[in-house]
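Asker: Chain by chain, the residues:
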Amino acid sequence: MRVHFTVNGRPQQADDVWEGESLLYVLRERLGLPGSKNACEQGECGSCTVRLDGVPVCSCLVAAGQAEGREVVTVEGLADHARQRARGCGESGGSCGTSLDEAKAWKPDGADSQTGEGGELSPVQQAFIDAGAVQCGFCTPGLLVAADETLERNPNPSDADIREALSGNLCRCTGYEKIMDAVRLAAARQSEGV
Amino acid sequence: MPTNGVPTKITQGSGTKGGIGESTLRPDGTLKVTGEFAYSSDMWHEDMLWGQILRSTVAHAEIVSIDTAEALATPGVYAVMTYDDLPAEVKHYGLEIRDTPVLAHGKVRHHGEPVAIVAADHPETARRAAAKIRVEYRELPVITDEASATAPDAVLVHEHRDDHHAGHVPHPNIVHRQPIVRGDVAAARGRADVIVEGEYTFGMQDQAFLGPESGLAVPEEDGGVHLYIATQWLHSDLRQIAPVLGLPEDKVRMTLAGVGGAFGGREDLSMQIHACLLALRTGKPVKIVYNRFESFFGHVHRHPAKLYYEHGATADGKLTHVKARIVLDGGAYASASPAVVGNASSLGVGPYAVDDVDIEAIALYTNNPPCGAMRGFGAVQACFAYEAQMDKLAARLGMDPVELRQRNAMEQGTLLPTGQPVDSPAPVAELLRRVKAMPMPPERQWESSEGADVRQLPGGLSNTTHGEGVVRGVGYAVGIKNVGFSEGFDDYSTARVRMEVVGGEPVATVHTAMAEVGQGGVTVHAQIARTELGVTQVTIHPADTRVGSAGSTSASRQTYVTGGAIKHACELVREKVLELGRRKLGSYHPAWAHAELLLEGGKVVTDGGEVLADLVDVLGDEAVEVEEEWRHRPTEPFDLRTGQGNGHVQYSFAAHRAVVEVDTELGLVKVIELACAQDVGKALNPLSVVGQIQGGTTQGLGVAVMEEILVDPTTAKVRNPSFTDYLIPTILDTPTIPVDVLELADDHAPYGLRGIGEAPTLSSTPAVLAAIRAATGLELNRTPVRPEHLTGTA
Chain E
117 MRVHFTVNGR PQQADDVWEG ESLLYVLRER LGLPGSKNAC EQGECGSCTV
167 RLDGVPVCSC LVAAGQAEGR EVVTVEGLAD HARQRARGCG ESGGSCGTSL
217 DEAKAWKPDG ADSQTGEGGE LSPVQQAFID AGAVQCGFCT PGLLVAADET
267 LERNPNPSDA DIREALSGNL CRCTGYEKIM DAVRLAAARQ SEGV
Chain B
1165 MPTNGVPTKI TQGSGTKGGI GESTLRPDGT LKVTGEFAYS SDMWHEDMLW
1215 GQILRSTVAH AEIVSIDTAE ALATPGVYAV MTYDDLPAEV KHYGLEIRDT
1265 PVLAHGKVRH HGEPVAIVAA DHPETARRAA AKIRVEYREL PVITDEASAT
1315 APDAVLVHEH RDDHHAGHVP HPNIVHRQPI VRGDVAAARG RADVIVEGEY
1365 TFGMQDQAFL GPESGLAVPE EDGGVHLYIA TQWLHSDLRQ IAPVLGLPED
1415 KVRMTLAGVG GAFGGREDLS MQIHACLLAL RTGKPVKIVY NRFESFFGHV
1465 HRHPAKLYYE HGATADGKLT HVKARIVLDG GAYASASPAV VGNASSLGVG
1515 PYAVDDVDIE AIALYTNNPP CGAMRGFGAV QACFAYEAQM DKLAARLGMD
1565 PVELRQRNAM EQGTLLPTGQ PVDSPAPVAE LLRRVKAMPM PPERQWESSE
1615 GADVRQLPGG LSNTTHGEGV VRGVGYAVGI KNVGFSEGFD DYSTARVRME
1665 VVGGEPVATV HTAMAEVGQG GVTVHAQIAR TELGVTQVTI HPADTRVGSA
1715 GSTSASRQTY VTGGAIKHAC ELVREKVLEL GRRKLGSYHP AWAHAELLLE
1765 GGKVVTDGGE VLADLVDVLG DEAVEVEEEW RHRPTEPFDL RTGQGNGHVQ
1815 YSFAAHRAVV EVDTELGLVK VIELACAQDV GKALNPLSVV GQIQGGTTQG
1865 LGVAVMEEIL VDPTTAKVRN PSFTDYLIPT ILDTPTIPVD VLELADDHAP
1915 YGLRGIGEAP TLSSTPAVLA AIRAATGLEL NRTPVRPEHL TGTA
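Going down the list, the protein sequences come from chains E and B. The end of the first sequence is residue 310 by the working numbering, with every number in the run present. The end of the second sequence is residue 1958 by the working numbering, with every number in the run present.
Hints were generated in silico from the structure; no laboratory data involved. Bear in mind that the values here come from a model prediction, so they are computed numbers and not experimental data. Take these hints with a grain of salt, some might be off.
Among chain E residues calculated to face chain B with C-beta under 7 Å, some are [claimed, not checked]:
#1 Gly125
#2 Gln128
#3 Leu147
#4 Pro150
#5 Cys156
#6 Glu187
#7 Val191
#8 Glu192
#9 Gln241
#10 Phe254
#11 Thr256
So the derived list for chain E, only partly shown, Cβ under 7 Å to chain B, looks like this [as the list claims (entries may be wrong)]:
#12 Glu160
#13 Cys255
#14 Arg279
#15 Ser283
Even for Gly, the Cβ is constructed at its ideal location relative to N, Cα and C.
Starting from the given sequences, assemble the full structure and let the hints guide the process.
Answerer: Below, the structure is given as structure tokens:
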């Protein structure tokens, strides 16, 4: 079957999709977006978390066909998503597009192709790096999408709020302490407008 | 982070930014937060096929027949292979003993053993085709424990053993046996005022790394293959893979793909050979990715163990003797069992000074899942038992459990039961003092003006209590872990370091085969190069087999050994650079000939701080490159009868204090805080050090209260191979983990550092158990503790 949906603000189409394929599989194997991870493929670990029409979901549990016509945000689009939110558009998690002026002013983001450095990160992405919340990094994309959504809903979460919000995301490396630090740091920077 | 202790002397390059001792950030951090970091399961190749493994549905059986016809006829299937299709004489592999068939031959020895492999153009096609392979089994009796393994008429798991342990084991179903005998336990027992005995059970733990076993094998034009793989040791894989493919090692190229955690579970091969076989058979790239269900069958686990201990002490709390018997279940194949036996026995009394010791450790061959390396490696199981014994002894003596430990704590110079002196700082008593001195979390933290916050209570959001029946307990534990490969293993690493001018700046390139599995080796490698070479820009070359072996990313050894190799190679590069400088510029300044010269901030400077030259001018368009192997001090094997010998390189010590709250009515445990004090020798990257300690602590917490692979004792089949049924700690299960880092230099090690990754996994578990015992008054001789053990309904 053929599936159309919007990923990170861009319309996408996948052909020859077998009906049993998950949204995760189509993102990873057909659309070249392997950022969403495949740690359990049974909805227990949260490593595949994406926003579907704004709602965080385990993309391994969403059949690709269920995404038809909907808007998906993955870790690859998180920085753009955060930027647009900061500008006050795309409340539902979708995009408000690129204005003509912006398009004219477009430049490559200057990211180093080897290290990825130089590109602009979302506050929560930067906080994960700065706080040491990344070790092997396999849980990181899902945690980032979940943490970003948490802070969107609740800009000043208590520790208990953070733990509750991220309880669907397993991490095996960090013991979660640095992840707590990262979310607190992102919240603090956000409230200071940094 | 609070740090203390003797600062390590660093002269070279201490003025260069981003050197050792700083919390520099991960070089792969940006790629990992943007989703661009390429893990082994993200590999993709035009025209690639997907591989699938068919695994045994029974634990122990003869294979009567395998019919692959229907699978082969499935549209989209390119190849189906069984044992009969293996191309070379060599059809087995293994870390130490080559006892593991690439594909089952005539017999399967455990549930989930690979029997056949399939390549198809879609993963679902491959899965369905594998399901069409018909295997007829004739089931055999299962060996599941010591009694069934060593019974006089026991079926042999491996019939014709000819490995180097076969000659000294008391039964062919015992992989390896190591006694450690020192002093005279019978005489010492006579001096004991108090003797305590205990029998302990340690459950089977899974590494549960999040990145599934996966990789991509690409056939190459010269008949070889290039494997992109997540592993802990590229060269060990290579040594096992190439003979099975019938290829010389130089035709099997290996590049490390992104590794999503390891914790010991990637020390053995998983899908490496299968992917290569299918790629060479089909002539197409083949990708294999396990799902979580398969991952539980696809790697070895931590050995479950039965431990029998006797401790004696005088009335003033001095240990008289320790007697122990440790039975580790190695499962169907040897994997790392012999070395796990060596650790469990040699470290079997823990970080205590005891003169009279009689320990025996064995690993069994059974039809249970194969067990091997996992963080802590034999020392974990022993620590759980000897720390329970120390608490039992303290209770019997009416002593404070921390004081009893301190009274018997080993120090620098103490002899291990192997007769080996501990020849670097051993701050066991000090770590206990520090962890005890940390402020206690306040009582009844769940109380708020709006009533109880159930999220902070046992049972959490299940809303099972608002504080009724909840009792607090506090427990302590301390442990000792060896660092590096022991028992005479030639434990070396190789580093290639290159220095040249790129874009007008001096740049160092560090090339090793070290497997970065998340621990942050790549971060500290760059820091070492900056410190030694005085440059800011360091490129970490991708790890592959085009450089010599780095040894395994395990045994807490990489910062020590590959870090040591990089330091050594940098020193040689530095000498060459200075030689170049003397040749080119020596006539301009007498200091070139006479002064102690350093590389710092991109310049050659005298030890007095005078700048002699820019590295850019010294190097010009020349590149300076060195590749060298580096070794730590040699070790020796343990005597097979007495266990005596200088078997270890270095030790790592950590202590924990656990604070738990237990809903005694429902048997639910909430760990409130798990504080840790650890000596790290020298924190090369303090942020990463704390991250390792917190992560290791949490894995210890997991096996204390939830993690266990359940194997049916009558069928030897795995009952919970999923994250639905095998639970690892979530962020709600994990408490705050305050960390106190001590830095007492080990003069034998680079920068005085200690390997740190494993020690926190040891003492975490017994500390939590001790706290639960303190809260409930129950004996609790097994881990993990489940609700039924606390409510008496087990």
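Asker: Work down the list of hints and note, for each, if the structure agrees.
Answerer: Do the hints match the structure? See the list:
1. The interface hint given for glycine 125 of chain E is violated, since its Cβ lies 15 Å from the closest Cβ of chain B, which is over the 7 Å cut-off.
2. Checking glutamine 128 of chain E against chain B by beta carbon gives a least distance of about 16 Å; that is not within 7 Å, so the hint is violated.
3. For leucine 147 of chain E, the suggested interface contact is broken, since its CB lies about 11 Å from the closest CB of chain B, more than 7 Å.
4. The interface hint given for proline 150 of chain E is met, as the beta carbon of that residue sits about 4 Å from the closest beta carbon of chain B, less than 7 Å.
5. Of the supplied interface hints, the one on cysteine 156 of chain E holds, with its beta-carbon coming within about 4 Å of a beta-carbon of chain B, less than 7 Å.
6. A distance limit of 7 Å between C-beta atoms decides the matter here; for glutamate 187 of chain E the minimum to chain B is near 18 Å, and the interface restraint is violated.
7. Taking 7 Å as the C-beta contact cut-off toward chain B, the hint placing valine 191 of chain E at the interface holds, the least distance being around 4 Å.
8. For glutamate 192 of chain E, the suggested interface contact is upheld, since its CB lies about 5 Å from the closest CB of chain B, less than 7 Å.
9. Annotation: glutamine 241 of chain E was flagged as interfacial toward chain B, and the flag holds, the nearest CB pair being 4 Å apart, inside 7 Å.
10. At a threshold of 7 Å, the smallest CB-CB gap from phenylalanine 254 of chain E to chain B is about 3 Å, leaving the interface hint in force.
11. For the restraint placing threonine 256 of chain E at the interface with chain B, the shortest Cβ-Cβ distance is roughly 5 Å, inside the 7 Å limit, so the hint holds.
12. Hint on glutamate 160 of chain E holds. Least Cβ distance to chain B is approximately 4 Å, under the 7 Å limit.
13. Restraint check, cysteine 255 of chain E versus chain B: the minimum CB separation of about 6 Å is within 7 Å; hint holds.
14. Hint status for arginine 279 of chain E: holds, given a least beta-carbon distance of 5 Å to chain B, under 7 Å.
15. Taking 7 Å as the C-beta contact cut-off toward chain B, the hint placing serine 283 of chain E at the interface holds, the least distance being around 5 Å.
Figure legend: structure checked against the earlier numbered hints; hints not met, in rising order: 1, 2, 3 and 6.
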